[in-house]
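Line order of the protein sequences matches chains A and B. Each residue of the first sequence is one higher than the last, beginning at 0 in numbering that gives the first Met the number 0. Each residue of the second sequence is one higher than the last, beginning at 0 in numbering that gives the first Met the number 0.
Accuracy of the hints is not assured; some may be wrong.
In silico lysine to aspartate or glutamate, EDC-like type, Cα no more than 20 Å apart, as pairs [what the hints assert, rightly or not]:
1. Lys91/B to Asp24/B
2. Lys125/B to Asp121/A
3. Lys253/B to Asp46/B
4. Lys91/B to Glu189/A
5. Lys134/B to Glu189/A
6. Lys96/B to Asp24/B
7. Lys91/B to Glu197/A
8. Lys280/A to Asp23/A
9. Lys134/B to Asp145/B
10. Lys137/B to Asp250/A
11. Lys137/B to Asp151/B
12. Lys88/B to Asp179/B
13. Lys130/B to Glu189/A
14. Lys58/A to Asp121/A
15. Lys58/A to Asp107/B
16. Lys58/A to Asp250/A
17. Lys280/A to Glu20/A
18. Lys88/B to Asp48/B
19. Lys125/B to Asp179/B
20. Lys315/A to Asp407/A
21. Lys91/B to Asp48/B
22. Lys96/B to Asp48/B
23. Lys125/B to Glu142/B
24. Lys91/B to Glu204/B
25. Lys137/B to Glu189/A
26. Lys88/B to Asp151/B
27. Lys58/A to Glu104/B
28. Lys96/B to Glu204/B
29. Lys58/A to Glu20/A
30. Lys125/B to Glu189/A
31. Lys96/B to Glu197/A
32. Lys350/A to Asp323/A
33. Lys58/A to Asp109/B
34. Lys134/B to Asp151/B
35. Lys317/A to Asp407/A
36. Lys58/A to Glu197/A
Note that these hints are calculated values from the structure, not bench results. Please read all numbers here as calculations on a predicted model, not as lab measurements.
Spelled out, the chains give:
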Amino acid sequence: MNLTLAQSLTQTHDEMPSLREVFDTVTLQSGFNTNAVIVAASLLGIAGGIIGAFALLRKRSLTADALSHATLPGITSAFLIASAMGLNARSLPILLLGATISGILGVLCIHLILAYTRLREDAAIGIVLSVFFGIGVVLLSVIQSTATSSAAGLNHFIYGQTAAMLTGDAILMGSIALIAIVIAILAMKEITIVCFNESFARVTGIPAGLIDGLILALIVLVTVSGLQAVGLILIVAMLIIPPAAARFWTDRVRMLIILSALIGALSGFVGASVSALLPRKPAGAVIVLCAGSIFIISMLAAPARGVIAQLIRHAKLKLRIAIDHTLESKYEYPEHHPRTTFSLRVLLRLKGFTQSLSPSSALSQSGLARGRRVRRNHMLWEQYLVSCADIAPSHVDWSVDQVEHILDDDLIARLESEIRASGLDLQEISP
Amino acid sequence: MTLLQTQPPNQPRSTLDARPEHSADNPLSVHAMTVAYHRKPVLWDVDYDAPPGSLVAIVGPNGAGKSTFIKACLGLIPAAAGTVEFWGKPYKHARAKIGYVPQRETVDWDFPVSALDVVCMGLYRKIGWFKPIRKAHKAAAMESLDRMGLADYANRQIAQLSGGQQQRVFLARALVQNADLYFMDEPFAGVDAATEAAIIEVLRELRSQGKTVIVVHHDLQTVPTYFDHAMLLNMRIVAAGPVSEIFTDENLNKTYGGRLTLLAEASEAVARAQQGQPQSSNK
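Same shape as in the complex, but just chain A:
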């Protein structure tokens, strides 16, 4: 009945939603069923974000992918067995029990392959993922060709049907999110130490196997309970994307887990809302796309680890090297004028290193000082490579050209002492 209600909702607006509808949806005022879906999706996002952070830290994200694909034969087998026994084959608990069993079986197969062959983990995961999924698809076609239309619902486990989530699902997602939060608070340090340095953890007496089992159990829990909503192909996105996006913003485990939960919740919330407003769009995919958008924004815009920040740092370094090169050559050969671009000359002038914008402009006082310093660093490093590091003079130049620009005061002091220790006179090196 609720399903038909959700579908009738879809018929009402197929065009762009009005602002009013948008406002009602995001403030949870557009009907009980839509609310249940949005709340459940957000809670699933929290659970997936936290548990996914554990999986990411343990470098087990792909295990979750294999696990979710491996649930399909369990779902279909459970359906077949339940119909054969005369039970209600569409009962969700029975189907999810089957999903859990075959999911865990899939993970066990990965471990068996790793233990008894020399295959690497990526190959083992790929094999298990595809073979289990293949079995599931074959069984699904068997069910569809023999059983009545009552089997049609099984398709939803592959792509998900968020709109079918009910209050009970919201409560289930809420409980899992709560479990994940409690475990994150209680066992943060045990999980962290096992993920960072398993051997040390074991020597310290922390049972790494138990912690791994706990993480795996949590992955199973969130995967299986999210199957119906997001579908087994995309559920892994709820585990991988939020922590991967969060990692761009933070360098600490605690903050990673908090941000990952928030990103997961936001994706669930926005994704479910959008799909409620544009009902022909499958909510699972929209949720994943929201998470993906947050990931892309994080990847580009995060302050320290983001791509834009890195590009800016590289550009700054390149610019500094260009400035240094020009100053050094102008200092060393005042009559010779190195080829410079106009923008570089503007920059040199703005920084007060040159006296005019002309290519043949002489250096200012500060420009001379800087040029002298760069020249000296250059000579110091050259001397060090030749006299202390046993590098032939002919091989020195290519490395010198880069290093001289990044030498800080500490390194220069150490260079000087090394060169002094090797019996050379530093006075000779002054340019």
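Got chain A sorted already, so can you dock chain B onto it with the hints?
Relative to chain A, chain B alone:
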């Protein structure tokens, strides 16, 4: 059935107590330890007693089983045969008195933790399950970092540290464990001179407190200056004892020379046989 079971199972195991040099005071006693990786034996029948209050270097060529020895002692990899005791007790009952510095390359240094977080890990056992890290713990970790000259780097993410600094973080973590016996896996590998000096200073301090440190070491030249005892290892123990006695050209030749080809070939043969491959006949 296989070469791994060097002794028939029904023969009573000669106990550690039967050995004259063995004493329950020894922080570490290893008896008849054989270890295999992927069914290929890498350590054969190792007997070793570490004297209390000494710095011990484990020396040997690549693939000699140095790290394997440490890991097998600590139960990180299973030994195919043999016994390991710490002060006469099995590992489980001695854990609180044992510290460990793993090889630096074995961890992901991009992991989102600070230097202080890593050092605090040395206290997790003391803190206990599910209990939070308190200010006193952080203070102890800070003190240890300070001792390694890293107080200013406590809140840096560990990827922002140099290799030597990372190694010192590991040392600091071992120090807060406040153990009586330390295992260190190549702490001097790829570190700068300042770090090497800092580590050796710590080692000497530990020895002066009566503690024993067992170190996998690569640089033969520094063994006599840094260590009192040494264990020359190449799949088996070539020699073990005070550096002044065993660090002879003859022993070093035995350890690094080509005389062990037979043992290495036997290992290969065992591995091949276990994998069901035919014996190579052209040798």
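Check the hint pairing Lys96/B with Glu197/A against an upper bound of 20 Å on the C-alpha distance. With a Cα-Cα distance of about 19 Å, the restraint between Lys96/B and Glu197/A holds, given a limit of 20 Å.
Is it true that the CA of Lys88/B sits at most 20 Å from the CA of Asp48/B? holds, 13 Å
Are Lys58/A and Glu197/A close enough, with their CA atoms no more than 20 Å apart? holds, 12 Å
Within a Cα-Cα threshold of 20 Å, do Lys125/B and Asp179/B meet the stated pairing? holds, 15 Å
When you check the alpha-carbon spacing of Lys137/B and Asp151/B, does it fall within 20 Å? The hint holds at about 14 Å.
Proposed proximity, Glu189/A with Lys137/B (alpha carbon, max 20 Å): Judged against 20 Å, a Cα distance of about 16 Å means the pair holds.
Within a Cα-Cα threshold of 20 Å, do Lys280/A and Glu20/A meet the stated pairing? holds, 16 Å
Does Lys130/B pair with Glu189/A here, judged by a C-alpha cut-off of 20 Å? holds, 10 Å
Hinted pair, alpha-carbon criterion (20 Å max): Lys317/A, Asp407/A. Please report holds or violated. At roughly 16 Å apart (the allowed maximum being 20 Å), Asp407/A and Lys317/A satisfy the hint.
Given the hinted pair Lys315/A and Asp407/A, is their alpha-carbon gap at most 20 Å? Roughly 16 Å between the alpha carbons, so the hint for Lys315/A and Asp407/A holds.
Under the criterion that the straight-line Cα-Cα distance not exceed 20 Å, is the pair Lys125/B, Asp121/A satisfied? Violated - the C-alpha atoms of Asp121/A and Lys125/B are around 37 Å apart, more than 20 Å.
Going straight from one Cα to the other, do Lys58/A and Asp250/A come out at no more than 20 Å? holds, 16 Å
The structure is inconsistent with the numbered hints 2, 24, 26, 29, although it conforms to all the rest.
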